[in-house]
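Enquirer: So you can see what is in the structure, the chains are spelled out below.
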Amino acid sequence: MKNHKNSYLLMLAFLLCSSLFSFAQNAPSVSISGEVLTPLVLKKEDLAAYKQLTHKTKDRDGKEHEYKGVALVEVLEKAGATLGGKLRGENLAKAVIIRAGDGYEVVYSLPELDPEFSNNVVLLVAEKDGGPLPPGEGAFRLIAPQDKKQARWIREVRSIKVVFVKD
Amino acid sequence: MLLVAALCVILSALKTDDATPEPYLLQYPANFGGRINVPKDNPTTKEGVQLGRMLFYEKKLSADNSLSCASCHEQKLAFTDGKALSIGVDKSLTSRNSMALVNLLWVRNFFWDGRSASLEDQAVFPMTNPHEMGQSLDETVKKLQQSPMYVVLFKKAFGDANIDADKIRKALSQFERTLISADSPYDRYLAGTYQPTAQELRGMNLFMEPPAPERGIRGANCGHCHGGPKTFKELFHNNGLDTEAKDPGREAISNEAEDRGRFRVPTLRNIALTAPYMHDGRFKTLEEVLDHYNEHIQESATLSSFLRGTSNEKGGKTLLLNKTEKTDIMAFLHMLTDSTFINNPAFSDPNKSLKQ
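Each protein sequence line maps, in turn, to chains L and D.
Note that the UniProt record's numbering has the first sequence beginning at 1, numbered continuously upward.
Note that the UniProt record's numbering has the second sequence beginning at 1, numbered continuously upward.
It is worth saying that the hints were derived from the structure and are not from the lab.
Honestly, I wouldn't trust all of these hints.
Stated by the list, open to error - Not everything, but these chain L residues come out facing chain D in the computed CB check (under 8 Å): (1) Gly131; (2) Pro135; (3) Gly136.
A virtual CB, placed ideally from N, CA and C, is assigned to each residue, including glycine.
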């Protein structure tokens, strides 16, 4: 009976906490979903578990900045996307849709992100010049150094979804 | 007269009582793109659209039979109501400006804050909100069930005379999907059948171009968010209306701090007809809107980065277009008025056209 009482109290405390949390602002995160074995929700600190990469680039104002992050393909591998030896057959018709907080969307094909197909590395970054990304760039951003146009250097990345391209 | 009209509808309906609804062909120019949204469980049919149109203009959908969807979405105003905020059945004001209903087939997030992912979901809010039409869907179903005309129309549209909330939402959505505007002078220019004036062309270039003072290029960069043949992109931005947003906008839906004061970037189609402007209808004229973007952008943490420091003068904080350039842009904005759309009899009040 006492155990029951305790578990009721625990449940009450849990409900109270969860309702409090629901009013709190979300900590910035990025979701990896779709055609993956293990959907992930990553926070900035979770990127530390991956190999760290940097890229230096010049801004519109001509100043050099250093972005730091991880290879997008590594995050997709962790989620269990069909990469490497599994990237064959129908899986070659897969794409990755990246969506930003403001609704902006860009697409990469899955093979163009795979090191067995391409030497180009697309980075998922969360740091600029040793600090967090500035307002307007979001908590997460993609950097695609080999893209001549920066339109796929999508800011404020909120979701990364692997999909089959269906005509 | 109304009785005769209703009888005609019933008689014509009875003729094809057992027939399956006929598909409605949603026609649009190829440059609008095929990323349209029609749910699998609600295909657009001629009979569904006919019923949806009747419901759209039906005042029985409101608590005191005084308002229909068309009360706040008038065809002659490109399906807006000309008011900053609309008046509901309880005589209170809505919290935001009535949005234009146009080219909804391509929209994926409805309302200023994008809270609904489909027209079917969207329809419930204005119908049941106590400050809008203020009536439960159960009550609406009861009212419609008493009308022999609606019993027949529902049977024609869905093969089942049983009226329910789901069918009401579906029929309204089917009608709204047909509200396609694709015959403005700008559409005709893109199709090669309209030659814009020199002023319209100058305005169009300014509208589309980002300014680059270091290269001597002048522009207003409007197309960055309002570009493309539909003058609509599925985006949410804080367009610098306030330093402290009174209305949290999309933040209230997403719970993300980055979304503070962000609202859906609306289509500019028929923009000359849809005053007043912004989510709260604060600007009475298009000139005021242009002045805002040109001179009065308010800084805040979530101000769109595309509005920050975009200027025609080196080091300028706002656009700083001159008077002639603003007039040129106005000329282009008027090219987006589609009179075929606002006069299309297929979108008009069926009760009025039956009376005529």
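Enquirer: Look at each hint and say if it fits the structure.
Expert: A quick look at each hint next to the structure:
no., hint, in the structure
1, Gly131, "violated (16 Å)"
2, Pro135, "holds (5 Å)"
3, Gly136, "holds (4 Å)"
Going down the numbered hints, you'll see the structure goes against just number 1.
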